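**Student:** Throw the hints in and build the complete structure from the sequences for me.
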Amino acid sequence: MFEFSYLVALLATVTFSITGVLAARTVRIDLFGVVVVGVVTAVGGGTLRDIILDVPVFWIEDASYVVAAVIAAVATFVLKDLISRRYQLLLYLDALGVALFASSAIIKTLSLGLENTHAAVMGVITGIGGGLIRDLLTGRPTLIMSRDLYASPILLGVSVQLLVLAHTGMSASLAMLLGGAVIFLSRCAAIHWHLQMPDQLTLDSRDSGH
Amino acid sequence: MFEFSYLVALLATVTFSITGVLAARTVRIDLFGVVVVGVVTAVGGGTLRDIILDVPVFWIEDASYVVAAVIAAVATFVLKDLISRRYQLLLYLDALGVALFASSAIIKTLSLGLENTHAAVMGVITGIGGGLIRDLLTGRPTLIMSRDLYASPILLGVSVQLLVLAHTGMSASLAMLLGGAVIFLSRCAAIHWHLQMPDQLTLDSRDSGH
Amino acid sequence: MFEFSYLVALLATVTFSITGVLAARTVRIDLFGVVVVGVVTAVGGGTLRDIILDVPVFWIEDASYVVAAVIAAVATFVLKDLISRRYQLLLYLDALGVALFASSAIIKTLSLGLENTHAAVMGVITGIGGGLIRDLLTGRPTLIMSRDLYASPILLGVSVQLLVLAHTGMSASLAMLLGGAVIFLSRCAAIHWHLQMPDQLTLDSRDSGH
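Keeping their order, the protein sequence lines are chains A, B and C.
Its first residue numbered 31, the first sequence is counted upward by one per residue in my numbering.
Its first residue numbered 31, the second sequence is counted upward by one per residue in my numbering.
Its first residue numbered 31, the third sequence is counted upward by one per residue in my numbering.
It should be emphasised that the hints constitute simulated quantities derived from the structure, not laboratory data.
Stretch-level coverage of chain C by chain A, calculated; a stretch enters the list once three of its residues show a Cβ under 8 Å from a Cβ in chain A:
no.: 1; segment: 75-89
no.: 2; segment: 133-147
no.: 3; segment: 161-174
Ranges of calculated distance between the beta carbons of each label pair, as one might list FRET restraints:
no.: 4; chain 1: B; residue 1: Asp-229; chain 2: A; residue 2: Tyr-36; range: 56 to 64 Å
no.: 5; chain 1: B; residue 1: Leu-204; chain 2: A; residue 2: Gln-226; range: 44 to 52 Å
no.: 6; chain 1: A; residue 1: Ser-94; chain 2: C; residue 2: Leu-112; range: 49 to 57 Å
no.: 7; chain 1: B; residue 1: Arg-177; chain 2: A; residue 2: Gln-118; range: 36 to 44 Å
25 Å max Cα-Cα, derived SDA-like pairs, lysine to any residue:
no.: 8; chain 1: B; residue 1: Lys-110; chain 2: A; residue 2: Thr-232
no.: 9; chain 1: A; residue 1: Lys-110; chain 2: C; residue 2: Thr-172
no.: 10; chain 1: C; residue 1: Lys-110; chain 2: C; residue 2: Leu-166
no.: 11; chain 1: C; residue 1: Lys-110; chain 2: C; residue 2: Val-100
no.: 12; chain 1: B; residue 1: Lys-110; chain 2: A; residue 2: Pro-171
no.: 13; chain 1: B; residue 1: Lys-110; chain 2: A; residue 2: Leu-231
no.: 14; chain 1: A; residue 1: Lys-110; chain 2: C; residue 2: Asp-178
no.: 15; chain 1: C; residue 1: Lys-110; chain 2: B; residue 2: Gln-230
no.: 16; chain 1: C; residue 1: Lys-110; chain 2: B; residue 2: Leu-231
no.: 17; chain 1: C; residue 1: Lys-110; chain 2: B; residue 2: Asp-178
no.: 18; chain 1: B; residue 1: Lys-110; chain 2: A; residue 2: Asp-229
no.: 19; chain 1: C; residue 1: Lys-110; chain 2: B; residue 2: Asp-229
no.: 20; chain 1: C; residue 1: Lys-110; chain 2: B; residue 2: Leu-186
no.: 21; chain 1: C; residue 1: Lys-110; chain 2: C; residue 2: Thr-56
no.: 22; chain 1: B; residue 1: Lys-110; chain 2: A; residue 2: Leu-185
no.: 23; chain 1: C; residue 1: Lys-110; chain 2: B; residue 2: Pro-171
no.: 24; chain 1: A; residue 1: Lys-110; chain 2: C; residue 2: Asp-229
no.: 25; chain 1: A; residue 1: Lys-110; chain 2: C; residue 2: Pro-171
no.: 26; chain 1: A; residue 1: Lys-110; chain 2: A; residue 2: Tyr-122
no.: 27; chain 1: A; residue 1: Lys-110; chain 2: C; residue 2: Met-227
no.: 28; chain 1: B; residue 1: Lys-110; chain 2: A; residue 2: Gln-226
no.: 29; chain 1: C; residue 1: Lys-110; chain 2: B; residue 2: Met-175
no.: 30; chain 1: B; residue 1: Lys-110; chain 2: A; residue 2: Met-175
no.: 31; chain 1: B; residue 1: Lys-110; chain 2: A; residue 2: Thr-172
no.: 32; chain 1: A; residue 1: Lys-110; chain 2: C; residue 2: Pro-228
no.: 33; chain 1: A; residue 1: Lys-110; chain 2: C; residue 2: Thr-232
no.: 34; chain 1: C; residue 1: Lys-110; chain 2: B; residue 2: Thr-232
Bear in mind that the values here come from a model prediction, so they are computed numbers and not experimental data.
Where a beta carbon is used, it is the ideal one built from N, C-alpha and C, also for glycine.
**Tutor:** As structure tokens, this is what we get:
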């Protein structure tokens, strides 16, 4: 169980580091700048989570997350010419990172004896924290403003995970897998088919005053 | 006293959640995205305050703040068509949230035995923190760049509250009400009459080099 | 040793407060707004460092940093007409602040018994944290996106400082001076001669798809 969480967190860190490098491609930025953006993106969400929960920050306890983020950033930089449809890749990798971080944050929050409400909020904050920091640092519109469904898949997966944990005998690891899969797959569907909320459930400046 | 502080914090949370939703209207964003922006805006400033003071984060101790922020965000979304002059409303609600958060942060900081300087800084950070996060997330120019007086009313109210506490026998609750009222009313005046600092006390790019 | 660190931190705080005011000059902002931006810029990086390290925030322990930042911001505002080539000055002062904050963060991190990896990350985060917050608050492109070398000088100086500490008998203070000097001088060289990474080590949108 513990090792599984460790691997999930490591994979999420690597994933977000790659998205940081891909997001930075829209400006002229050198190798070391790329590494900084990659690492901050990778550890940003989990750092926010741990600070708010007042537990030791995960990469202070185990520096291997930082090392993994650095290696992933450099590797992405080196292999950048192999990546042709980068923007789509960025979206899918972001979806994977969000799914991994959000579902594992729920386990961590509940293991501290906190409530489901806390777990849901920490899942969302951890899931989108790194990506938001990445978007702010690289001057992009934040992904939360994405035209396609973005917050909804996260809230859906987080709800599924918490409901399953509360009402079935499913193990925490399995529930994490399930919640993460719901987030990843529903976000992938949103990206691929450009799924959007029905207009009644969408705020749009063009409606203002009606 | 404690219940009064609780009600003030709850009102400030609800107020800022509403401003988050109103600020998000300038982009296409769905119901769940709206809830995320509303909650992060609502609890952002107080979270910053508690993390810097190294005390338990207020919504971790009591999840009802998060629940209130979610309800406020959804209600604002549902009632959005009733709100016609949204931008003005956003400004006045922001003024109310800033006043409530800033004046209550002073009480919390002083109750930890810290100095007036700390209380003033925490008042400002708590007051503008949530609004700054909201503006960054929704890609708006931060309100601190407002043409009309913004930081000045906060510093004025904070100073009044601290002076009254130090030099009169006024209770902490009453001083909080007074400080908050000074912030709210002077900011409202600034919005309504477009009060600005005299040019000698304003930094302006058009003056550069003179 | 302790007093030396104190002076370095105070100088870095003052330096970053001045850059905050200079950065804010591109928008219309009044005296009190200037003070808020100056203080947040000045204490932002070190605050991030202390929160992540879970040690008391430096300006909570000693309010004189805040007082110094306020005085520096007001003085810069008053003397703004004397400063003609502001943008260049902003860059050089930013380089000085980054050098001071980064090299002193390494000492603080190592003194907590953490590893070199942690010290390097904390050096970078502390060095660029205040500047990033400043750039976000004032709506500027973040300096990490600078065309000229920015992250590289920091990583170079941080590496030199850590290598010297690990492999020579040099004192912590002297190593800090050396690391800080490497950061400052190499960043100054980058600003003055517009040094950039060779194209092979730069990510550039114009290369995309190749």
